[in-house]
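Engineer: Order-wise, the sequence lines are chains V and X. Numbered according to the working numbering, the first sequence spans residues 29 to 182. Numbered according to the working numbering, the second sequence spans residues 13 to 307.
Simulated from the structure, these hints should not be mistaken for laboratory data. It is possible that some hints are incorrect.
[Stated by the list, open to error] FRET-style restraints, in silico, Cβ to Cβ:
#1 X:Gly100 / V:Arg67: 28 to 38 Å
#2 X:Thr66 / V:Glu146: 48 to 58 Å
#3 V:Glu128 / X:Asp247: 43 to 53 Å
#4 X:Asp145 / V:Ala127: 49 to 59 Å
#5 V:Ala105 / X:Asp120: 29 to 39 Å
#6 V:Gln150 / X:Gly212: 34 to 44 Å
[Unchecked claim] Per the computed footprint, the stretches of chain V lying under chain X, defined by three or more beta-carbons under 8 Å from a beta-carbon of chain X, are:
#7 71-78
#8 130-136
None of these values were measured; they are calculated from a predicted model. Virtual Cβ for every residue (Gly too), placed ideally from N, Cα, C.
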Amino acid sequence: MKLAGMILLTVCALCLGAYLRRGERERVRAMERALSLVRHVRRKIEYFSAPLPEILAEWEAERSADPDGHAKAATVAEAAAPLAARMGGDGELLRAFAAEVGGGYREETLALCAYTEERLAQCFAEAQAAYPARARLYGALPLLAAFAVMIVFV
Amino acid sequence: MSPERDTGTEAALSCLPPPLAAQILACAALCGGGTEEVRLYRGGQAIIVSGGKTYRVGVTVSGEEMDAAVRGLCGGSLYAHADTIREGYLCTAQGIRVGVCGRAVCRDGRITAVEEITSLCIRVPRTMPRAADGILPLLFGEGSLRSILIWSPPGVGKTTALRALALRLGEKEPPLRVAVIDTRFELCDPAGTSVDYYCGYPRDAGIAMAVRTMSPDILLCDEIAGEADARAIADAHAAGTAVAATAHAGSREDLLERPALRTLWDARVFSVLVGLRRVEGTVRAEPVFFEEGAS
Chain V
29 MKLAGMILLT
39 VCALCLGAYL
49 RRGERERVRA
59 MERALSLVRH
69 VRRKIEYFSA
79 PLPEILAEWE
89 AERSADPDGH
99 AKAATVAEAA
109 APLAARMGGD
119 GELLRAFAAE
129 VGGGYREETL
139 ALCAYTEERL
149 AQCFAEAQAA
159 YPARARLYGA
169 LPLLAAFAVM
179 IVFV
Chain X
13 MSPERDTGTE
23 AALSCLPPPL
33 AAQILACAAL
43 CGGGTEEVRL
53 YRGGQAIIVS
63 GGKTYRVGVT
73 VSGEEMDAAV
83 RGLCGGSLYA
93 HADTIREGYL
103 CTAQGIRVGV
113 CGRAVCRDGR
123 ITAVEEITSL
133 CIRVPRTMPR
143 AADGILPLLF
153 GEGSLRSILI
163 WSPPGVGKTT
173 ALRALALRLG
183 EKEPPLRVAV
193 IDTRFELCDP
203 AGTSVDYYCG
213 YPRDAGIAMA
223 VRTMSPDILL
233 CDEIAGEADA
243 RAIADAHAAG
253 TAVAATAHAG
263 SREDLLERPA
273 LRTLWDARVF
283 SVLVGLRRVE
293 GTVRAEPVFF
303 EEGAS
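Whenever a hint applies, use it, and build me the whole structure from the sequences.
Structural biologist: As structure tokens, this is what we get:
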């Protein structure tokens, strides 16, 4: 019985660790995609003054090969929503961008894109640098907690 | 019996915030359908032009609704329409032209931007192939193509007539080489016609380019005005291309008081002047005046 309990605790800890690691990996990937979306929007506006529906159509076409691609988005807000949801607190930056982009003239829009891109790049770099340590932590922490429970109760 | 749906107006208003569009459509139906223009004013009551008559309707457009309308008409991309907004209009993705009025920001005497748009004039485009019926015979004098200048006051139907003319010429047998210089995206019709549409080109550059590269039999262009347009048209005429153009004018005298147009008429670039008048109670215009120049 004790052995079964220990095995169960260890398995649960491993599953929890894997779940947390996956969440962190998803967060970093969502940031990378958000950054690429903002860059794509900025470049298309800067060089072609393309309207947003056209920019998004191209963005969606590029993503069609993406295995975890989402339903086609008609607006930047729709494209940004799933990414922002996976980005945690940093998602606010993307939501604010999606709400404001296109509402102003060229210089204003490019300044918004540049600001968002810079902030997102910073967040992405920090998240990417912290990822190995966090992944190790998320792997080890539930296991250590499980061992502590075993020592106390078994 | 339910009233007939005005799909043209519905399409033109599809970019507006839905509650505002619904109110205006309801009012447009009461104005008898066949809406030609919808005019929106920030904080003011909307105006509908229908069947040549103007109606003030009980729809007041708030500041937020006006901003949302501008955003919708721009497809959420104001920056992409900055150039045309500076010139007083914007063209939606559906090809609908909207006159824009607001507070201009100027630098060195040039408009750099228009802030706080205060009024919009949405022109409902209509394809009326028969709108060119009265003009076509004037274009073919003794079998050969002649250059014509169509004039009327604003809103009578010059653009509609020119659009119809492009379609009719594009269908002609034996085929004619027809080029349309569509600076303001008002003349382009859906694909499927054998017409060269120069969309968004400045008039003078478009005319020069069309003559040089597409060798048209006839060139169509809307709202000619300045010296540059006149020079380009004179060059096209000299190259052997007939021109059908339109210009704003209240009368023949007003028309020929404009130096650029006077020069073209005196130089016999245009063979015929055609004045248009609105047929009472309809959206159709008919020629009421035509004058052949000395040959």
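Engineer: Next step is simple, just say for each hint if it's right about the structure.
Structural biologist: Here is what the structure says about each hint:
Between glycine 100 of chain X and arginine 67 of chain V the beta carbons are some 34 Å apart, a value that agrees with the proposed interval 28 to 38 Å. Our hint of 48 to 58 Å for threonine 66 of chain X and glutamate 146 of chain V holds, since their Cβ atoms are close to 51 Å apart. Range check, glutamate 128 of chain V to aspartate 247 of chain X: about 47 Å between beta-carbon atoms, so the 43 to 53 Å window is met. Our hint of 49 to 59 Å for aspartate 145 of chain X and alanine 127 of chain V holds, since their Cβ atoms are close to 51 Å apart.
The hinted window of 29 to 39 Å between alanine 105 of chain V and aspartate 120 of chain X holds, with their beta carbons roughly 38 Å apart. Distance hint for glutamine 150 of chain V and glycine 212 of chain X: a CB-CB separation of about 40 Å, consistent with the stated range 34 to 44 Å. Counting residues of the region 71-78 of chain V whose CB lies closer than 8 Å to any CB of chain X gives 3, so the stated coverage by that chain holds, three being the minimum. Coverage of the region 130-136 of chain V by chain X holds in this model, with 6 residues showing a Cβ closer than 8 Å to a Cβ of that chain against a need of three.
Against the hints set out earlier in the document, no violation occurs for any number.
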